[in-house]
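> Keeping the supplied structure of chain A fixed, place chains B and C upon it in accordance with the hints.
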Amino acid sequence: MKQHFREWSVAGALGAMLVALAIFAPRFYEAQPLLSRLTDDAPTLIIACGMASIIICRQIDISVGSMFAVCGVCSALLLEHHWPIAAVIPISIALGAVLGAFNGWLVAGLGLPSIVVTLATMVTWKEALRWMRQGVLVNVGSAQWFGLSQIHGQLTIIATSLVILVISALAMRHLAMGRFVYAVGADAEAARLAGLRPRLVTFLMFVRLGALTGLAAILNAVQAATLQPNPDSGLELKVIAAVVVGGVAISGGRGNLWGVFCGLLLLACITPALVYLGIPPYWGKAIQGAIILLAVVADGVRNRKTRT
Amino acid sequence: MPDPAPLLALRRIAKSFAGVRALRGVDFDLHAGEVHALLGENGAGKSTLIKVVTGAHQPDSGTITVAGRVVEGLSPALAHDLGIACIYQQPALFPDLTVAENIGLRLEPTKPVRRVDWKKRRLRAAELLQRIGANISPESEVRTLSMPEQQLVEIACALGAGARIVIMDEPTASLTQKEQHLLFAVVRDLRKSGVGVIYISHRLEEIFELADRVTVLRDGESVGTNAVDDINETELIRMMVGREVSQIYPPSESAPGDVVLDVRGVGCKASGVHDVFLQVKAGEVLGLAGLVGAGRTELGRILFGLTPLDAGEILLNHQPIAVRSPAEAVAHGIAYVPEDRRRHGVILEMPIAHNMTMAIHPRIFPGTWLRFGAERQLALEYIRDLAIKAYGPEAPGGSLSGGNQQKVSLARWLATKPKLLILDEPTQGVDVGAKSEIHKIIRRLAKAGLAVIMISSDLPEVLGMSDRIGVMRGGTLAAILPGHADAHTVMAAALGQKGGPA
Amino acid sequence: MAASNSKSTGWKAVLRSHEFILFAVLVAEWVLFYALGTHRNARGMTVGFGSLDAQYNILRHSVEIGLLALVMTPVILTGGIDLSVGSVLGFSAIVFGKLWQDAHWPIAAAALAALVTGAAAGGLNAFLITWLRLPPLIVTLGTYSLFRGFAEALTRGADIFTGFPASFTFIGQERILGVPAQLPIFALVAVAVWLLVHRTTFGRSFRAIGFAPEGTRYAGIPVERRVALAYILSGLVSALAGLIYTARLNQATADAGTGYELAAITAVVLGGTSIFGGIGTVHGTLLGVAAVAVLSEGLFYADQPRELGGMLTGVLLIVALGASVVPKVLSKWRSSRQTAPSTPQPPAST
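Chains as they are written, first to last, in the numbering used here: chain A, 1 to 308; chain B, 1 to 502; chain C, 1 to 350.
Excised from the complex, chain A in its bound form (with noise of 0.2 Å):
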């Protein structure tokens, strides 16, 4: 398994972790704070699998936490005004979509380089949204947890995440469409002369990535009775370093979202398992940063190797 080498050595730490942890610390698996904090990553989990894709496309997007807002905000809204939740739920995707589509245009078809535009549209989104709101909360009221019960809420959450990250993953290896992506992401030059095109698959994924955001972002916006509009939470790096620690390349056309799902619950797990390994949870964000410099700093010395 040499080829999925990365992705089993993040798998392999996380499985030591919560090996650790069963044994230290056993009481990191009782069942209600444990579903709180998996109902907590669920709609970063769906934001990564959306991610993942552009960086196999060789691309990024940063603007995602301030479409995460948006589109959190204007279903709050909406749910507030007491529009059902099933006209909801496939506005805010829509909406995310469209902001996910203003940017594949202005990357694919325009040919500026992703992250100074998805810097622009994340800075605009903010800032309109601030403007716009000035912070004031937004009542869901009763559509919180769907109008489910807290757990059957949070079931719904979990399991619609992992129902979104099996199929993404499952498209990316057997759709063509999926492969399409890596083979763009690889050489898009190739790409072209095997009769792909290229800046239609950019501009696909960057709607598939706004699509699964605004639906992120109604999944976090039942989880309180009322909403707070931060769209200052790193979100975006958040997103992107799990990515990255779960193997795909920022180069391109290398990864998959079994690795980013075992990323992305190595950091997420980290801040609450200091907290049960006795260690002060506010190293949390440096080990974070360890764990990626360690994961690109493992792929440079391979590459130095495989190079000569």
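In short, the hints are calculated from the structure, not lab data.
C-beta: ideal position from N, C-alpha, C; glycine also.
Among these hints, one or two may not hold up.
Okay, the calculated bits of chain C under chain A, using three or more residues with CB under 8 Å as the criterion [unchecked claim]: (1) 131 to 140; (2) 143 to 155; (3) 261 to 272.
Frame of chain A; chains B and C shown alone:
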């Protein structure tokens, strides 16, 4: 091959690039079930001809007939549909994907919504690879394969696409003996199954072993087509070299002085160069001939510190020197005008004045402060001195023609006042006028006492310019010949022909 | 962005340059907010946007991001990026606060240690990017998290260092010769970076590396050392910004400078620096910083929400990007009408 209707027929194909005529009315036939070798010096027009056949270039005039039908507006896609496949020296594969997937992406429809049948992909890849006798796992990633293995994957793609015309551009350049035999068996199989193969190679023995017919190109024209049984090596070399050379090159006037560069047993594992012994004297032009891949550029890169040596030593003016980076080489007075001037020689976006001073920052800008006046002065001097056609020192490098870019690249290195000047293909892609100007400059420099190494694939240039000729083959210096050696001797040494000086 | 880096003398080229257009936008902003945000009080004094105090406030508030943008410029010129500047700012502020308050170092020694910390942080980025040849985006994403994490760990997530002596808070709150005290420091750094980029061989090398890293190596320029310099400088000045931030607010917290990296990059790109490297100017960056600062502060004086300014900054950035592709699209359109390639194809390796 008495087949009346050739698979591919080219008639009077002509193609020019910005006034340089690369092909001047070439005729070429390929029959089903034959291996037709294409031979010629570097720059004779082989690549251009191939690109016309694959649809990458549109010919200016002439007709292309495939299987009896005249083809208009041949594009890469149309060429693909007509069953024309080309295996380049540098395969265009997806390095991060597996062999099976690479073959799959080429052969499957480009419909985005359909299931990928991995089992079928693997089976087909395995079957195709087995048919060409390649021992490659369909599961391995292409980046882990060696260059010859990647070529075999390309061949498998061509086979899978049902290509009727397969073009192989120096397929054995990087193969070992064993891999070569394997490849030959594949080519023979292709021939047996009725495929027409255009085979480009510099190695004469391969042509005699494999080909049915051979066409020699020279200066964009076809010199002749012969059945290999009717011709021998000597005649082929004569056809390739052809024209008389002497007049157009400025005569050597300098008397070589003291030894400037002394290379003792230099080698570098990473670039395949080994055991090079070489001396260059002040005022001498040493031409470095050899085939592509013989290690000439690699030797230049070692001397300039781009790929530091791991064996032997380099002496400059009798002092052993360490050259671990270009910066060190520059400090020692070694200059290197690279082959790929658009990527390495000139920074296209920067003004030519900035380009010219890049290698002499410490000297022209003492204390790191830029002195625009001095820079402009120097640029104007070189623009006048080398007759560079540009609207001024602030013209960006990319706005100049190829020959003038080359002069800018040369000016950058002359400004360093080097002791040793290494020129790598100094006149490649340069028009005739600029070419002879560059030759005059080289002569003038040698006369002024510079030691010059001139790497060139242009045989007449090597013969016309060199005081001595070093011939490289297989990563080492195979022969050193006097400057008045004839083309036949040099070619024979480069090809490693039996009976030639080795 | 035509001819933004070549010394074009024609006034037409100047008028069309990115910097000039940005300058015009800045003047327009200023005039607009002067009209909207200035009035006279009962004693006939000018208050609001047009007053000197307001202008000084704008300066005070934009100095830290301005410093980060200044040193981000050489980094982006080399074709790189540094996402860790905001975290380095916070980390060095905490190092400073902790050394002074907990370890009882003299204030000058603590400040020096903070600067050294910043330079070392930049050195780590430089090491990973040049020696291991890792992509700057990912390396600095990692150190973005790492240094912020160090800051949080040092403060145990909660400590706030405050109560600094007036001799220190002076640089963030008081005036020297009538101008805000941080202004001379900023001007000094701005002039130094401008000279570095526009008047020394280092700046020339940064550009060359941004255009063609391999080609620059072929010219005998030590590419790794030049790139390393850009990142170390970035860390050092980020630490300086951390000190000024601490002095201005009289407190050092672990979240100091959060999000500043993106604000700095926005200002640099708005200032006409190409994210691909090679093209860009330091005065363009200064104009970019000023345009963003005047916009957000001006709206405040015009009784408009600050967030509107942020949003307009984003819009401005998108427009600037869109404008940058116009010449490219035009030239593509022009060249598509020519049949022959403009440069001769070298008859490569036959």
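> Determine which of the earlier numbered hints do not hold for this structure and return their numbers in increasing order.
none
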